[in-house]
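**Student:** Protein chains in written order, with the numbering used here: chain A, 1 to 483; chain B, 1001 to 1400.
No lab work stands behind these hints, which were simulated from the structure alone.
Check the hints yourself; a few may be wrong.
[Said to hold, decoys possible] DSBU-like mimics (lysine-lysine), calculated; alpha carbons at most 35 Å apart, straight line:
{"id": "1", "chain 1": "B", "residue 1": "K1160", "chain 2": "B", "residue 2": "K1006"}
{"id": "2", "chain 1": "B", "residue 1": "K1158", "chain 2": "A", "residue 2": "K430"}
{"id": "3", "chain 1": "A", "residue 1": "K284", "chain 2": "A", "residue 2": "K167"}
{"id": "4", "chain 1": "B", "residue 1": "K1046", "chain 2": "B", "residue 2": "K1008"}
{"id": "5", "chain 1": "A", "residue 1": "K167", "chain 2": "A", "residue 2": "K243"}
{"id": "6", "chain 1": "B", "residue 1": "K1131", "chain 2": "A", "residue 2": "K375"}
{"id": "7", "chain 1": "A", "residue 1": "K454", "chain 2": "B", "residue 2": "K1158"}
{"id": "8", "chain 1": "A", "residue 1": "K465", "chain 2": "B", "residue 2": "K1119"}
{"id": "9", "chain 1": "A", "residue 1": "K39", "chain 2": "A", "residue 2": "K217"}
{"id": "10", "chain 1": "B", "residue 1": "K1160", "chain 2": "A", "residue 2": "K375"}
{"id": "11", "chain 1": "A", "residue 1": "K350", "chain 2": "B", "residue 2": "K1131"}
{"id": "12", "chain 1": "A", "residue 1": "K462", "chain 2": "B", "residue 2": "K1131"}
{"id": "13", "chain 1": "A", "residue 1": "K405", "chain 2": "B", "residue 2": "K1131"}
{"id": "14", "chain 1": "A", "residue 1": "K103", "chain 2": "A", "residue 2": "K243"}
{"id": "15", "chain 1": "B", "residue 1": "K1131", "chain 2": "A", "residue 2": "K454"}
{"id": "16", "chain 1": "A", "residue 1": "K405", "chain 2": "B", "residue 2": "K1158"}
{"id": "17", "chain 1": "B", "residue 1": "K1160", "chain 2": "A", "residue 2": "K454"}
{"id": "18", "chain 1": "A", "residue 1": "K141", "chain 2": "A", "residue 2": "K350"}
{"id": "19", "chain 1": "B", "residue 1": "K1158", "chain 2": "B", "residue 2": "K1008"}
{"id": "20", "chain 1": "A", "residue 1": "K405", "chain 2": "A", "residue 2": "K393"}
{"id": "21", "chain 1": "B", "residue 1": "K1046", "chain 2": "A", "residue 2": "K375"}
{"id": "22", "chain 1": "A", "residue 1": "K326", "chain 2": "A", "residue 2": "K393"}
{"id": "23", "chain 1": "A", "residue 1": "K462", "chain 2": "B", "residue 2": "K1318"}
Here the structure is a predicted model, which is why all the values come from computation and not from measurement.
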Amino acid sequence: MSESGITGYGTYLPSFKISRKLIADENSWAIPALRSLGKGHRRFCSWDEDAITMGVESLRSCLQSQPSINVNSLIFASTSAPYADYQNATSVALAADLPPDLKVMDVAGSLRASTSALITALHSNSNGTSYIVASDKRRAKPGSIQEIQYAAGSATLAVGSENIIAKFVDSHSIVTQFIDHYRSGEQNYDYSWEERWIRDEGYLKIVPQTVAKLLNKTNISADEISYFCMPGSISRLGITLAKRIGINADAVVDNLMPEVGDTGTPQALLIFTAALEKAKPGEKILLVGFGAGCDAILFECTEAIANYKPDLNLSDVIDSGESVEKYTQFLSFSDEFSVDWGMRAEFDSKVAISQLYRAQDQMSGFNGGQCPDCKTTQFPVLATCVNCGSTSKQVSIRLADIEAKVSTFTQDYLQYYPAPPMYWGLVQFKNDARLLMEIVGVRQNELRVGDELKMVYRIKQKDQKRGLHRYFWKATPVYSQGS
Amino acid sequence: MATGIKDKVAIIGMGCTKFGERWDAGSEHLAVEAFTEALTDAGIEKNQIGAAWYGSALDNVNVGNSAIPLSTALRFEGIPVSRVENMCATGTEALRGAVYAVAAGAVDIALAIGVEKLKDTGFGGLPPIFKGTFNDLWLPYGSAPAGFAQLASGYQSKYKLNREDFKKSLAHVSWKSHQNGVHNPKAHLQRAIDMDSILTAPIIAEPLGLYDCCGVSDGAACAIVTTPEIAKSLGKTDLVSIKALQLSLSAGRESGMADWDASYVRNTRIASQNAYKEAGIKNPRQELDMIEVHDCFSVTELVTMEDLAISNDGEAVKDILDGFYDADGGVPCQIDGGLKCFGHPIAASGLRMAYEGYLQLLGRAGDRQLDKVDLALTHNLGGVPYNGVAAVSIIGRYNN
C-alpha cells in the first residue's frame, strides 16, 4: 500500500453565535439548573444554512488552500444531512466544482461517521485525492442541555498520497452498543442518557481501550503524542482521558466547546485541524472518534506541514462571528419557533425538478457562460448571448470564486424573508458578468455601492410542503470573511 | 414605409371607475362600470363595437386567464375579444390592440379595456408574481418597491446625493401628487399629506417609505376608438386623436451587463424618443402640456422626468423641488393624483392615465382642469427598472 495521509483541510463555522447565558436565562423560569451551563457561546446556522451548504463552504476552503489533484472521491459525513434519499454528497461535490467523474457517498449513523470515513479513505489504495466532508446542524429542544451544548459547523480533510502534511500511521476501531444518545429515523431530537454514566462507563473505558490497542500495534508510547484530539461535550474530558492513557496534559487540544459548541460529526475533525495549524514536522497527532464504539487514528506530521497555509485560521474564525441577542431569532433560524410571517409567506415554492436538472451547472456549480463570438461573460446562460444574440454554445465560466462588487442594493422590508430585511441588488463580477443576487451577512447599514462581495452557497427558498429546497448562491460582504 | 399612428385613430368615448378598495365590486362589475360610462360618452350602441382588447395582469388573483371573463361580463357574443398582458403596461397594450385594429381597417370601432381586481388577496401590497420555473431557481424573490429602490441606489451613487436631500426630492414627488389627488373624486386617496409624514414614514424598501409607494387598489378604465372620419360621421367635433403609441422591452442587458448604472430606465428613454418622433415632437419640455407617468414609487417618477428628456440628466431633483412638475408648474405631472392617489390596479392604470389626458383635452377635468392642454403624454413601466417594459403614449387635439 502506498503512503497516505492528510494533504489539506478546510473549515466552516456559521457566523451567528448566541451566548449560553442568554439561552439559560430565557429558560430559567422552567429549568433553573441551566444557569450553571450559561458560559461562553455556541454557533448556529442562519435560516438558509444546513449540513450541505456548510459542507460546501468547508470543502471550498480546503480547495482554496490546496487545489484538487486527481480527485477520486468524496465522502459526506453527517447525522443531520437534509436528505435521507437524495445523495447529499453529490450536491456538495457539484457546488464545490469537483469533476463529475467521482465516487461519492453519504455516511451517517453516529458522530463517529467522520473519523470512520477518514479511516476508509486512508486505507484505500488510491492515487487520487479523497475529500472527507463532515457537516452538522444539530437540532435540540428549547430548554434542553443539548440546546446549550450543540452547535453547527463543518470540516473537510483532503486525503491523498502526494504533498502529505500528516502521514497516516495506523488506526484502530472497536464497536460496542454503548448508547450515550440516539435518534430514530422518525425523531427530530436526540435522546441522551445520564452524563456521569456516559463519562465513566463510556468514554473513560472505551477510548483508553481503543487507543491502547493502536499504540500497541504501532509501537508508540502515549507520551510521544503531541496533540490529542478528543471530541465530546463533557468538561475536562480530554484532560481526564489523557491522564488515564498516559498522554501529556499539554497535548490535549481544546475541544472548541467554550466558543463553538458540539458540532457533531465535524467536531473531531475541527479539533484535528486546530492541531494541524500548530503542528511541526515529526509531531504525532492522535485523533479519536466516539459513538457506538471508537475510532483512534495516529498521524505523524511531515516536513510539508511547515509550508502549508490554510485558507482560514480556525482561531480567527472562532474570534469573529456575529452575536445574536434575540432568543426567538435563534429559535426561528433553528426551526424551533414558528413566527407568523403573514400571508406573503404562504406562496408555494415547488421546484420544477426537470428544469433544475437542465440548469444544474448554473444552479449548483454557479457556472455562467462566455459567448464564443463576442466574449461577453454572463449569467444566466440562456439560448442567446445577452450582448450579441449569438446562439453559439457558451464556454462555461464559474462565478463562485470571482471577485464581485455591489452595483445596486436595497433593504427589502416588504417581501417575506425569514431574516428581514432582505438585502438584494445587482452584483457586478470582475469578469463582466452581472446578476441580481441576495446579499447575506450584512451588518446593519454597513453596505455601500462598490463594496466587495464573495459568493456563498445557501438555501434560496424552502419548500415546506415537499422538502426539496432551492439551493443557490448568494453574495456576502468580505468583512464577514471566515465567519 | 411605416408612417406611424399619428392622427389615424380618434378616441370617441372613455370611462373610468372610482378606484379604491372596491369591496363592493368584482372584476366584472368594474368592467361594466367603466364600459357603461364610455359607451354613453361615445353615444353609440354596444353592437357597433367590432372587436375588443381586454387587459388584465394578475390572472392568479383576478378572474383567471383568457378574454372570456370580459366577453361574459359585457356579453360580447360572437365578436373578437383578446386578452393582453404586459405587466404594468397592460392597459396601454389593450389600447394599442384596439387602435391598431382600427388603423388597419379591420374594424370600424374597437374597445380597449383594462380591469384589475387586486383587493381579494387578504393582504396589502401586490401579491408575489411567478417569474417562471427557471428564474425561480436563482432570481432573488424581492418585492416591487425593492426592485425600484435599486434605482435610488444607482441614482444617489451616480450623482453623489446624500440620503436626506434625496429623500426630500422623493417626498416632494408624493406630496405634489397628494395635493392633486384632493381634486379628483375618482381617486382612491383624496387627501393631502404633509412633508413631515412622508419623510418619517416607515421604510418599505430603503430609501422608500410608505408614502413613496403607490397604493394597491381595484379599478377599470376603457376607451372606444374609431377613425376620425367615422368619428365625424357620428357627429363628433373637438376630436382627441392618438399621436403616438410606443413600447420598449428589456432584453437582459441592464441586469446582465456592466454598462447600465441604474440611474435611469433605458426602456423609457427608447420608447419616449420613438414616441416624440412618431408624434412630431421636437422639444418635449416646451411642447407637452401635461404628463401622467408611472409613479409606482416616487423614485420611478423622479428618474422618469429625465428619461422623458423633460429634465436634463441629474437635474430632476432640482426641477422637482422647484415645483416644475406641480399643478402650476411648467409641465404638470400627475394632475389627476397619479398612481400615488389612484393606486395601481395594474391593467387599468395605462387607460386611467389616458382618461385624464382625454378629460383635460376636452376641458372636462373639473376642479383640476388645466388652462391649456393640446398634448398629453402617458407613461407606463412594467416589471422592474432593469428588466421591464415601458409604454409611452401621446394623445392630443386632432388637427386635420
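**Student:** Determine for every hint whether it applies to the structure shown.
**Tutor:** Verification of the supplied hints:
For the proposed pair K1160 (chain B) and K1006 (chain B), the alpha carbon gap of about 41 Å is over 35 Å, so the pair is violated. Taking the CA atoms of K1158 (chain B) and K430 (chain A), the gap is near 20 Å; set against the 35 Å cutoff, the hint holds. A C-alpha spacing of about 9 Å is found between K284 (chain A) and K167 (chain A), which places the hinted pair at or below 35 Å, so the restraint holds. For the proposed pair K1046 (chain B) and K1008 (chain B), the alpha carbon gap of about 22 Å is at most 35 Å, so the pair holds.
As the CA atoms of K167 (chain A) and K243 (chain A) are separated by approximately 26 Å, the hinted pair is consistent with the 35 Å bound. Taking the CA atoms of K1131 (chain B) and K375 (chain A), the gap is near 28 Å; set against the 35 Å cutoff, the hint holds. Taken as a hint, the K454 (chain A) and K1158 (chain B) pair is honoured in the structure, with Cα atoms around 24 Å apart against an allowance of 35 Å. Taking the CA atoms of K465 (chain A) and K1119 (chain B), the gap is about 27 Å. The hint holds against a cut of 35 Å.
For a cut-off of 35 Å, the pair hint linking K39 (chain A) to K217 (chain A) is broken: about 41 Å separates their Cα positions. Taking the CA atoms of K1160 (chain B) and K375 (chain A), the gap is near 33 Å; set against the 35 Å cutoff, the hint holds. Only pairs whose Cα atoms come within 35 Å are accepted, and K350 (chain A) paired with K1131 (chain B) is accepted, the gap being roughly 13 Å. With a C-alpha separation of about 17 Å, the suggested pairing of K462 (chain A) with K1131 (chain B) holds against the 35 Å cut-off.
A distance of roughly 25 Å separates the Cα atoms of K405 (chain A) and K1131 (chain B); the hinted pair therefore holds under the 35 Å criterion. For the given pair, K103 (chain A) sits about 41 Å from K243 (chain A) by alpha-carbon distance, which is inconsistent with the 35 Å threshold. A distance of roughly 26 Å separates the Cα atoms of K1131 (chain B) and K454 (chain A); the hinted pair therefore holds under the 35 Å criterion. Our distance criterion of 35 Å between C-alpha atoms is met by K405 (chain A) and K1158 (chain B), whose separation comes to about 15 Å.
The hinted pair formed by K1160 (chain B) and K454 (chain A) meets the criterion: a straight-line CA distance of about 25 Å does not exceed 35 Å. A C-alpha spacing of about 29 Å is found between K141 (chain A) and K350 (chain A), which places the hinted pair at or below 35 Å, so the restraint holds. Of the pairs offered as hints, the one joining K1158 (chain B) and K1008 (chain B) is violated, with about 42 Å between alpha carbons and a cut-off of 35 Å exceeded. The straight-line distance between the Cα atoms of K405 (chain A) and K393 (chain A) is roughly 27 Å, inside the 35 Å bound, and the hint therefore holds.
Between the alpha carbons of K1046 (chain B) and K375 (chain A) the distance comes to roughly 57 Å, so the proposed pair goes past 35 Å and is violated. Distance hint between K326 (chain A) and K393 (chain A) is unfulfilled; the C-alpha atoms sit about 50 Å from each other, more than 35 Å. Distance check on the hinted pair: K462 (chain A) and K1318 (chain B) sit about 46 Å apart at the alpha-carbon level, beyond 35 Å; violated.
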